[in-house]
Each structure stands twice: as structure tokens, then as C-alpha cells.
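> Throw the hints in and build the complete structure from the sequences for me.
Chains as they are written, first to last, in our numbering: chain A, 1 to 132; chain B, 1 to 132; chain C, 1 to 132; chain D, 1 to 132; chain E, 1 to 132; chain F, 1 to 132.
To be clear, the hints were calculated from the coordinates, so they are not data collected in a lab. Incorrect hints may have been included.
As the list makes no split between identical chains, a pair holds if one copy fits it or if it spans any two.
Unchecked claim - With a cut-off of at most 27 angstroms between alpha-carbon atoms, the simulated DSSO-like pairs for lysine-lysine come out as follows:
1. K28 to K94
2. K130 to K54
3. K54 to K79
4. K94 to K130
5. K28 to K79
6. K130 to K28
7. K130 to K79
8. K28 to K54
6 protein chains.
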Amino acid sequence: MPTVSLIEYEDASPAVREVYDDIRATRKTTFINNFWKALAVNAAQLARTWFAAKEVMAPGALDPLTKELIYIAVSVANKCEYCIHSHTAAARAKGMTDEQYGELLAVIGMAHSTNGLVTSMQVPVDEVFKVK
Amino acid sequence: MPTVSLIEYEDASPAVREVYDDIRATRKTTFINNFWKALAVNAAQLARTWFAAKEVMAPGALDPLTKELIYIAVSVANKCEYCIHSHTAAARAKGMTDEQYGELLAVIGMAHSTNGLVTSMQVPVDEVFKVK
Amino acid sequence: MPTVSLIEYEDASPAVREVYDDIRATRKTTFINNFWKALAVNAAQLARTWFAAKEVMAPGALDPLTKELIYIAVSVANKCEYCIHSHTAAARAKGMTDEQYGELLAVIGMAHSTNGLVTSMQVPVDEVFKVK
Amino acid sequence: MPTVSLIEYEDASPAVREVYDDIRATRKTTFINNFWKALAVNAAQLARTWFAAKEVMAPGALDPLTKELIYIAVSVANKCEYCIHSHTAAARAKGMTDEQYGELLAVIGMAHSTNGLVTSMQVPVDEVFKVK
Amino acid sequence: MPTVSLIEYEDASPAVREVYDDIRATRKTTFINNFWKALAVNAAQLARTWFAAKEVMAPGALDPLTKELIYIAVSVANKCEYCIHSHTAAARAKGMTDEQYGELLAVIGMAHSTNGLVTSMQVPVDEVFKVK
Amino acid sequence: MPTVSLIEYEDASPAVREVYDDIRATRKTTFINNFWKALAVNAAQLARTWFAAKEVMAPGALDPLTKELIYIAVSVANKCEYCIHSHTAAARAKGMTDEQYGELLAVIGMAHSTNGLVTSMQVPVDEVFKVK
Numbered sequence: 001m002p003t004v005s006l007i008e009y010e011d012a013s014p015a016v017r018e019v020y021d022d023i024r025a026t027r028k029t030t031f032i033n034n035f036w037k038a039l040a041v042n043a044a045q046l047a048r049t050w051f052a053a054k055e056v057m058a059p060g061a062l063d064p065l066t067k068e069l070i071y072i073a074v075s076v077a078n079k080c081e082y083c084i085h086s087h088t089a090a091a092r093a094k095g096m097t098d099e100q101y102g103e104l105l106a107v108i109g110m111a112h113s114t115n116g117l118v119t120s121m122q123v124p125v126d127e128v129f130k131v132k
Numbered sequence: 001m002p003t004v005s006l007i008e009y010e011d012a013s014p015a016v017r018e019v020y021d022d023i024r025a026t027r028k029t030t031f032i033n034n035f036w037k038a039l040a041v042n043a044a045q046l047a048r049t050w051f052a053a054k055e056v057m058a059p060g061a062l063d064p065l066t067k068e069l070i071y072i073a074v075s076v077a078n079k080c081e082y083c084i085h086s087h088t089a090a091a092r093a094k095g096m097t098d099e100q101y102g103e104l105l106a107v108i109g110m111a112h113s114t115n116g117l118v119t120s121m122q123v124p125v126d127e128v129f130k131v132k
Numbered sequence: 001m002p003t004v005s006l007i008e009y010e011d012a013s014p015a016v017r018e019v020y021d022d023i024r025a026t027r028k029t030t031f032i033n034n035f036w037k038a039l040a041v042n043a044a045q046l047a048r049t050w051f052a053a054k055e056v057m058a059p060g061a062l063d064p065l066t067k068e069l070i071y072i073a074v075s076v077a078n079k080c081e082y083c084i085h086s087h088t089a090a091a092r093a094k095g096m097t098d099e100q101y102g103e104l105l106a107v108i109g110m111a112h113s114t115n116g117l118v119t120s121m122q123v124p125v126d127e128v129f130k131v132k
Numbered sequence: 001m002p003t004v005s006l007i008e009y010e011d012a013s014p015a016v017r018e019v020y021d022d023i024r025a026t027r028k029t030t031f032i033n034n035f036w037k038a039l040a041v042n043a044a045q046l047a048r049t050w051f052a053a054k055e056v057m058a059p060g061a062l063d064p065l066t067k068e069l070i071y072i073a074v075s076v077a078n079k080c081e082y083c084i085h086s087h088t089a090a091a092r093a094k095g096m097t098d099e100q101y102g103e104l105l106a107v108i109g110m111a112h113s114t115n116g117l118v119t120s121m122q123v124p125v126d127e128v129f130k131v132k
Numbered sequence: 001m002p003t004v005s006l007i008e009y010e011d012a013s014p015a016v017r018e019v020y021d022d023i024r025a026t027r028k029t030t031f032i033n034n035f036w037k038a039l040a041v042n043a044a045q046l047a048r049t050w051f052a053a054k055e056v057m058a059p060g061a062l063d064p065l066t067k068e069l070i071y072i073a074v075s076v077a078n079k080c081e082y083c084i085h086s087h088t089a090a091a092r093a094k095g096m097t098d099e100q101y102g103e104l105l106a107v108i109g110m111a112h113s114t115n116g117l118v119t120s121m122q123v124p125v126d127e128v129f130k131v132k
Numbered sequence: 001m002p003t004v005s006l007i008e009y010e011d012a013s014p015a016v017r018e019v020y021d022d023i024r025a026t027r028k029t030t031f032i033n034n035f036w037k038a039l040a041v042n043a044a045q046l047a048r049t050w051f052a053a054k055e056v057m058a059p060g061a062l063d064p065l066t067k068e069l070i071y072i073a074v075s076v077a078n079k080c081e082y083c084i085h086s087h088t089a090a091a092r093a094k095g096m097t098d099e100q101y102g103e104l105l106a107v108i109g110m111a112h113s114t115n116g117l118v119t120s121m122q123v124p125v126d127e128v129f130k131v132k
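The structure is reproduced here in C-alpha cells:
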């Protein structure tokens, strides 16, 4: 048996369709990407995840492109191939330029490098960073 | 024997002092945090890391605060305690507000959640994300 | 040169065949999955791994399906695609229902989310959890 | 500035208090662990996380102890110290015996070992695991 | 209840003592480090782990110091603080010099950096690396 | 839009060509693997990464094959498929035998297993490993 089945709109239960409709309305496109189709195996989980994501990624104190860059950074560190692809696409759709993409890579590479060095050496946290 | 020794300015070789001097001049403070003192066990590595970090984190197509948020996101996903502490401090020093910090947490939490879900289900990458 | 070669029964040394025979007898099938064929590059490692796995995954204080769910959870967090596929298949073979699978996903998603949040904030461990 | 502040009931906003009250009522204790106090920096995130966790961890197709074991397994693989402590405590409170704990460790150790081996060798997924 | 209890020689069962005796004889010291004392909650797991480790870390096609360096590299990438401390100590006991340690750090830092970059960009594997 | 574009020599800027030329001269081959072609989106990052890698991987207190084994170990723990493939090929090119490869796998498997066990149990670091 396969790990995942993708549930199409036509085969979806009313509870799932309701979420699909909101995804389409919010994004102004009929396209629904595979993540949501896979998640639809559990309608409650699908709804919970979609409505939370919609709220979290909306403009706020941080702008939507900055949020996508943060999302990509987490997904890279977590090695989630699908997530990297879909959020890199989302970042480009929200205006990420080639130069910004190049700098994103540089920060990610630098952070991985120093993360590895710090962890190797078990560097003690400076007191000044712990002050209440 | 301990995992790491911290090399103070007084005990440093000329090659290490040169880097320490540049850190102080760049940051306009005499404070040098433990990461650099630990890295000083290998002077070439210290120099390479500092000059690369200085270049990467400078203002460019992405502003310095955005770069710090990306750095934090990588460090969280990599579970690097020291890095989280020091870059959260750096982000606050560069103006991160409580509201921005709250949204950073929300994006990080959401990304971890969906990363886990996608990986569990081995969701196939949509063709549209792969187009050349 | 490829990263891995898969050793078939016909080409295997006697030490490797002995393990393959035990895998077949234990599982009551002639099928041997790629993991064991790849591991056979080192016969001692193959034997050590198979006999330990057989002992660990046997019914005990935890039932075999629960053990598979734990195995999947580790494999997801470790992003091991092969492991997720093979243990999701094993869990289905041991009776995992769609509803159980849906809840497994939900727990995994929730755990990843809170893991990310806790790590971001460097939440101090409550004293009550540390009591001897 | 510290990475995190813990918000006590007395200092909490009405929106945060409402969640704290539900935590207390659900768990039948006045104790609120640090995770929720730290999360309270963002009231919307606190509410979203608590109500989702309550729903996900409730008895369903999987029993509550099994869910805790899965949660621990994810937290171990994610190296989330706080999460391991709090969910190991929760599992014991839900009846985990020493023997079950010993077997949990064994499965986790085995899964990490084979995850590492599979990833090293880049073992190709068996066709049978991919069948639709 | 605490996550772990450490079982001392005096309080150990005969099965556990037998392993402790072999650890002492092999290492020519009465000292037993906490890892084994914690693992002793499950005597079968303790024996399995000790005898496998003894076999794997013995001199072979790779010398013992090289094996320790590989062990450290894995432990750093897995962020296992205890493992980094104990295997860095073991490497020093097996003759690791400060210069070798400095180069170990440099390779680890470089590997983390390029791992992060490769993953960010989802670089396709060159055909030549896949040849059978 | 795709996550990555690969920049061929013919289409490269002078700054990128200079690095490509040095890669070819250093490795005595005209072949340039995809990692460098992908990194070329950001010429400064390409140069920084190549010259640092060349310096770090050169013979020193550790021999080049040992450095490759460490690199593989990090890449496995980080689940970087491309990195595992390319550095396993590099290790073979530098003389890694099948027997050495078999032992590398065994050490990696053992390290992952004990890393998982130690983290599960939150084993306290022995005082002796912390001594200044």
C-alpha cells in the first residue's frame, strides 16, 4: 500500500470540499497543491492546518515575503524537499528577486556552518545573552 | 579534558588578535562573545568564518534584521542553543519588536508542523513546482 | 561509482545467506527488501542489525503495531524516506487503519510544531519534571 | 535581553487567562507548565496551539499512552530536551511502566541506527512499497 | 518522575554486572560512564549495545582514532551533547592533537555549510555519481 | 519557477568563470559538478565556498581520505542526498576500500543508535568530561 493517497475535489467529502473552496477563494486560483490533497485523509487535521496557516502567513508585523523566507529557512534545515520547492515558488510569487535569493542562500549556508561549529565545540552561552 | 577552551585577547596569537580587533572595530564594542574565543583554536578557521560572516550579514538585497530572522530560523531547526540565544539578542539589537518576535515564533511553529506532515506522507512534488 | 550495491541471494556469501534465510523464515516470505541487500556489504553488520531488530520489534510490553508507529515517528523526524515507506507498509500489514494513520499524522504534526516552538523560545525545564 | 519571558497568571491578559483556565480545567490541576507561559507572548498562537493539542492528544483510534510514546519518539529525534522531559513525565502519568519504557528506548535506538544506515547507503525504495 | 535513573554497580542485577565487568576489563579502568548506567534499565539493550560498540570501534580497516572522529561528526550533526563530550574525550585519549581537532572543526563547519546550500537549492545529483 | 538553475561555463560571468577555471585546474579535470553550477547564482558565495573548501579539504594534520569520511558522516546525519553521493564518490576516488566503507557504515549506524538512546534518556554529562 502506498504511503499517501491524494484526494481530488470530486472525491472529497463535504468537510474537505469546504476547505478546498476556501483555499481556492483565498488564493484566487482553482489549483490545489498536493500537500492539501494528501492531508485530506484526516478532515479535521486538514481544516486545522489550513486555517492556522492562513492566519500565520497573513501580513502582520512581518511582511509576507519575510515570512516565506523564514519558512524556507526552516524547511531547508529540516530537509523537507516538498516544502523547499513549494515555499521557494511562493517566495518568487511574492516578489523574491534573484539577488535576494542569492543572499538567502548565503545566510542559510553561513548559519549551517556556524551552527555546526558551535555544536562541535559546545560553546558556553555568554552570560550577557542570558540576563533576565 | 574539556571540549573547548576559550582564548582571551591577552593570550591570543597575533593572527587571532587581528581578527578580534576587526570584530571590535566592526561592532563598535570591546565585547567578544564566546563563539569567536572558542573558534580561535584554529586561527585560519577563525579568520575565514569572521570575514565571511561580516560579508554575508551586511545590508544588501535583504535588510540586516531579515537576515537575523532567517539565521534564527535555521538555528532553531538545527537546535543550536548558543546560536538561538546570540541571534535572538542580535535581532532585538537590530530592532525586532515583541510583535515581530511573536510572529516569528508562529511561522517557525507552522513550518515545523507542516514539514513533519509532508515528510510523514511523502507528498510528491507538484509538477508545476518543478518546471524549468 | 554508485553509493550502494544490492547483494542478491545467489551472489551472497554463506554468512550473508544464513541471515537471508532467517529473514525469510521469520517473515514467512521469500521477499527480502533492499535494506538488507545493501547492508550485506558487511556481513557482521548485517547479522548484528537483523538479530537486534528481530529481538527489539518482537511482541513484549509494547505490542508490535505500537512499535511500528514509534519507528515511523522516528523515521519521519529523521527524514529517512526509505524507512518511512517500509515501516508505513509494515504498520498497515500489522493492521493500522486509516483512522489510526490519520491520528498518527496529527500527533506527528503537533509534536513537530511544539518542538519548534519550545526550541525557538529555549523554554526552561520545569523543576517538577527534573525531580529525582 | 533574554530569549523568553514566562507570563504568570496574575500578569496575563484576559485572552491568555482564558486559555490558562481551560488548561487547568482540562488537566484538573492548577499547575501550568513553562511551555504555555512562554507561548503566552503571542495570545493567538497560545490559543491555537492549546486547542489543537487538546484535540489531537484526546483518546481516539489511538489510545492516549500510544500518542505520548509517538510524541516522545518525535521529540527525541528532534532533540527537544524540554519536550522529552515533559512528555516522558506525561507518559508515566498515563501508566507507562518501566518495562514499556525500556522497550521504547530499544525501538528508538534501533530506528536511529537503521535510519543512519539507510541514509548512508542511499538504499533505493523497493518497488513494492511504492505501488499505488 | 525523572527521565532517567543511573544504576550503580552495587544495585545492579547479575546480567547488568556482567556487562559492567566487561566494560571495566576492556577499558582497563573501574570507571563506568553515565551512558551505560542509564542504559541498564533494560539489561538486554545494555548488552546488545555494549557488545556491538566494542566490535564496531575495535581496530580494523579504519584505525580507532579515525572511528572516533567519524563518531564525533555524527554526534555533532545529531546535536547529542553527551556524545560530543564523551567522544571528544575519547579522541583525545586516543591521541587527537590540537591541530587535528582544529581541522576536524573546519571539516565539520564546511560540511554543514555545503549541506545547507545543497539542500536549499535542491541540487540534482550528477548522472556520473549515480552510475551502476 | 524551478528552485535552482545550473549555470554552464559558456553562460557564466567572468567572476564565475574564474572560479570554474580554478576548480578545473585544482582537480585536473574539465568536469564541474552541479553543486558549483547551482551556487553560481551568487558569484561571491561561489568564490567564498570554493576557496574555503579547497583550503579545508587539503592535506594537513588529517589526511584527505579521513576528511572525506568525516564529511560523509556529517552529510548522512544531515540527510543531504547530493552530499552523500558526491563525497562517497570522492572517498572512493581517494582510495576508500570496500572494507573501509563497511566499517564506516558500522560506525555511523552505531553512532546514530547511541545518539538516539542518549537523547531519549537525557543522560547527564559525567563530571570527568567537563573538567577544565
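> Which holds for K28 with K94 at a C-alpha limit of 27 angstroms: within a copy, between copies, both or neither?
within (14 angstroms within a copy, 36 angstroms between copies)
> Checking an output row: K54 and K79, CA cutoff 27 angstroms. Within, between, both or neither?
both (23 angstroms within a copy, 26 angstroms between copies)
> At most 27 angstroms between C-alpha atoms: does K28 with K54 qualify within a copy, between copies, both, or neither?
within (14 angstroms within a copy, 33 angstroms between copies)
> Please sort K28 with K79 into within, between, both or neither, judging by C-alpha distance up to 27 angstroms.
neither (29 angstroms within a copy, 33 angstroms between copies)
> Could you place K94 and K130 in one of the four classes (within, between, both, neither) given a Cα distance threshold of 27 angstroms?
Answer is between: at 18 angstroms across copies they meet the 27 angstroms cutoff, but 37 angstroms inside does not.
> Between K130 and K28, at a C-alpha cutoff of 27 angstroms, which is it: within one copy, between copies, both, or neither?
So K130 and K28 pass the 27 angstroms test across copies only (21 angstroms; inside, 46 angstroms).
> Between the shortest in-copy and the shortest cross-copy C-alpha distance, which are at most 27 angstroms for K130 and K54: within, between, both, or neither?
between (34 angstroms within a copy, 24 angstroms between copies)
> Evaluate K130 and K79 at a C-alpha cut-off of 27 angstroms and name the case that applies: within, between, both or neither.
between (30 angstroms within a copy, 17 angstroms between copies)
The structure fails hint 5 only (numbered hints given earlier).
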